[in-house]
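Here's the letter readout for the chains.
Protein chains: 2
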Amino acid sequence: MKFTANKSDLMAGVGIAIRAVPSHTTMKILECILIEAKGSEIILTANDMEMGIETRVKAGVEVPGTVAVDARMFSEIIRKLPDEIVTFMSDSDYHILIKCGKAKFSIGGKSGEEFTYLPPVEAEECVTVSQFTLKSVIQETIFSVAANENNKVMTGELFEIRGDIFRVVALDGHRIAIRRVALKETFENRKVIVPGKTLLDMSRILTGEMDDLVHIYFAKNHIAFEIPGTKMVSRLIDGEYFNIDQMISGDYETKITVNRTLLLSCVDRATLFVREGDKKPIIFELADQEMHLSIESPLGAMDESLDVAKEGKDMVIGFNPRLMLDALKAISDENVTIYLVNPKAPCFIKDDEMSYTYLVLPVNFIR
Amino acid sequence: MKFTANKSDLMAGVGIAIRAVPSHTTMKILECILIEAKGSEIILTANDMEMGIETRVKAGVEVPGTVAVDARMFSEIIRKLPDEIVTFMSDSDYHILIKCGKAKFSIGGKSGEEFTYLPPVEAEECVTVSQFTLKSVIQETIFSVAANENNKVMTGELFEIRGDIFRVVALDGHRIAIRRVALKETFENRKVIVPGKTLLDMSRILTGEMDDLVHIYFAKNHIAFEIPGTKMVSRLIDGEYFNIDQMISGDYETKITVNRTLLLSCVDRATLFVREGDKKPIIFELADQEMHLSIESPLGAMDESLDVAKEGKDMVIGFNPRLMLDALKAISDENVTIYLVNPKAPCFIKDDEMSYTYLVLPVNFIR
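Chains as they are written, first to last, in our numbering: chain A, 1 to 367; chain B, 1 to 367.
Worth flagging that the hints you see were computed from the coordinates, not collected in a lab. Don't take each hint at face value.
[What the hints assert, rightly or not] Simulated pairs of lysine-lysine, PhoX-like, Cα-Cα distance not exceeding 25 Å:
#, chain 1, residue 1, chain 2, residue 2
1, B, Lys-329, A, Lys-104
2, B, Lys-191, B, Lys-350
3, A, Lys-279, B, Lys-80
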């Protein structure tokens, strides 16, 4: 096998494929990127058995062929090359020779026979959105998936299609994050649970541009994402997701609107008094058109008042400041509206169009 | 005690003082910054018993006084404040109240009675250089001090004054880094060993500007650095430094001049094949006007040829690529000149004016 490619093109391709290389594995072949040279391109494939990525790089192929190469070593070599044309060769023993400028590298490769290719995806549906949209909805919800694996379903995000609405949900038992986007067409109703890690990796590959598209393919046990030159296939998480609509329906007693940046800065300051393992809440005290925020812990105390526009009853309610902070950071509106029922019931932060809904459970406290 | 100060001035001052707060200590008082309000400023002092920093911040002092405050908590609070005027108050029980905008913080302070002030420095000599010079000579040598404490002297840098020459030396048993600057005046000969940590912290406080000055005070057991508003005092390391001149004197058999960036990139690529604990050398093979560089390890192999201007004998010599890389990175000249004696003797990289000298020991190898 022999091909030539641009260093920068190759670097970009390796940077994408390496996201599917697991950081810890006992299976040596999973630490590899498979390189296939054919036609006028090379295909780089990596697969951690849960999620796989295939990406194409323009190349001058002199001798077509296939070889598997240690992903980290290959990536480091490419990164350190001068910005010139790279010549890549491998022989029948899978010895690899990489030349660029005056530099020559030789490393060992593998046949790739043991390599697991991406599973074929028999798509039942394809939904297309902009890369901006998919990247945003992931980034604005992913922090709410559960960090530990006790409940596998919570480590993923619900991707739900209902008519022309695409809804993404993440929850961890203390909070829920929901983003809702309108699609250009109407689709069959569909619900799948996508691993959080898959989405995090995908969000880093997406450009975030309005004009760039991403096709999302839904299959029975898999989801696939396709952007120009790159395809990512991931297993879905088995199981039934929570009934979200039940959790977010219902009335409110108090509604407040407040400047998001001011509230965010204040809640951020409150996090100074929270230490790992101790659950001191920030207390929101609503009276008239003012919200008094305070926190007290063995480390010290903080309090601050913010002007708010309030409808409904006065109320005193406590929250974990870190959960409140995450939600406020995920919103970009100038003002946010918070809906409260009582000090034991979750609060909702949502906009009128319900393009976002953040639910945060309150924390009990004694004054 | 009560004062007001700008958030940004306060942040800058705390950012400087906190460098003398140890990250691990059993003495709670060392985790504090001492705040003294008097006249039209506050003085922030921190001291880890080896090195102390005192820095002044312009303030409106209403009630003069002194209080010690946990450095990290104080720094975090100031950082998260809005960019406005900060009011700081402490009462007779050393309770501290910090107000800024609508935010109010209360934290516990300490009397500061146990606090160790900076030791008085009876300067025997004061040498003044630009902050640019001091910052540069530290940054260009500090990587060569020994990381482990087996030989205390090696963890520091030699600061040597000889007439109008200021020389800074660092070595770790495998290499030596030397920088030499001409002073504007002539001083008495002097040699002190300054702790590497002190110098690293000082280099981060220095502006690096040609027009900003730093005064270096030499005393019996201490060295002090003074820049506008800030004074740093450090203990010196006891002991006799190595006889450097003996090590760097002597003739050479081969002299090569090579483009620094090309050599650096090549040596950097060679580091890919070095793993923790294994000492594979990069081999420099000099023949005619070409230098062939190669490395071979269980991870793979690399080789490359560079054009050089050579005087003297052909030679084959091996180096630890990381040590060679550090030296090449610390130089900014377009070309470097390397002096070689034989494959068992150290190589020197130095300029004609000897403003820098880097010595790297070779590594034995079998071909």
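Hint by hint, here is what the structure shows:
Distance restraint check for Lys-329 (chain B) and Lys-104 (chain A): the Cα-Cα separation of roughly 22 Å lies within the 25 Å cut-off, and the hinted pair is therefore satisfied. Between the alpha carbons of Lys-191 (chain B) and Lys-350 (chain B) the distance comes to roughly 22 Å, so the proposed pair stays at or under 25 Å and holds. A threshold of 25 Å between alpha carbons decides the hint, and for Lys-279 (chain A) with Lys-80 (chain B) the separation of about 21 Å falls inside it, so the pair holds.
Consistency note: the structure conflicts with none of the earlier hints.
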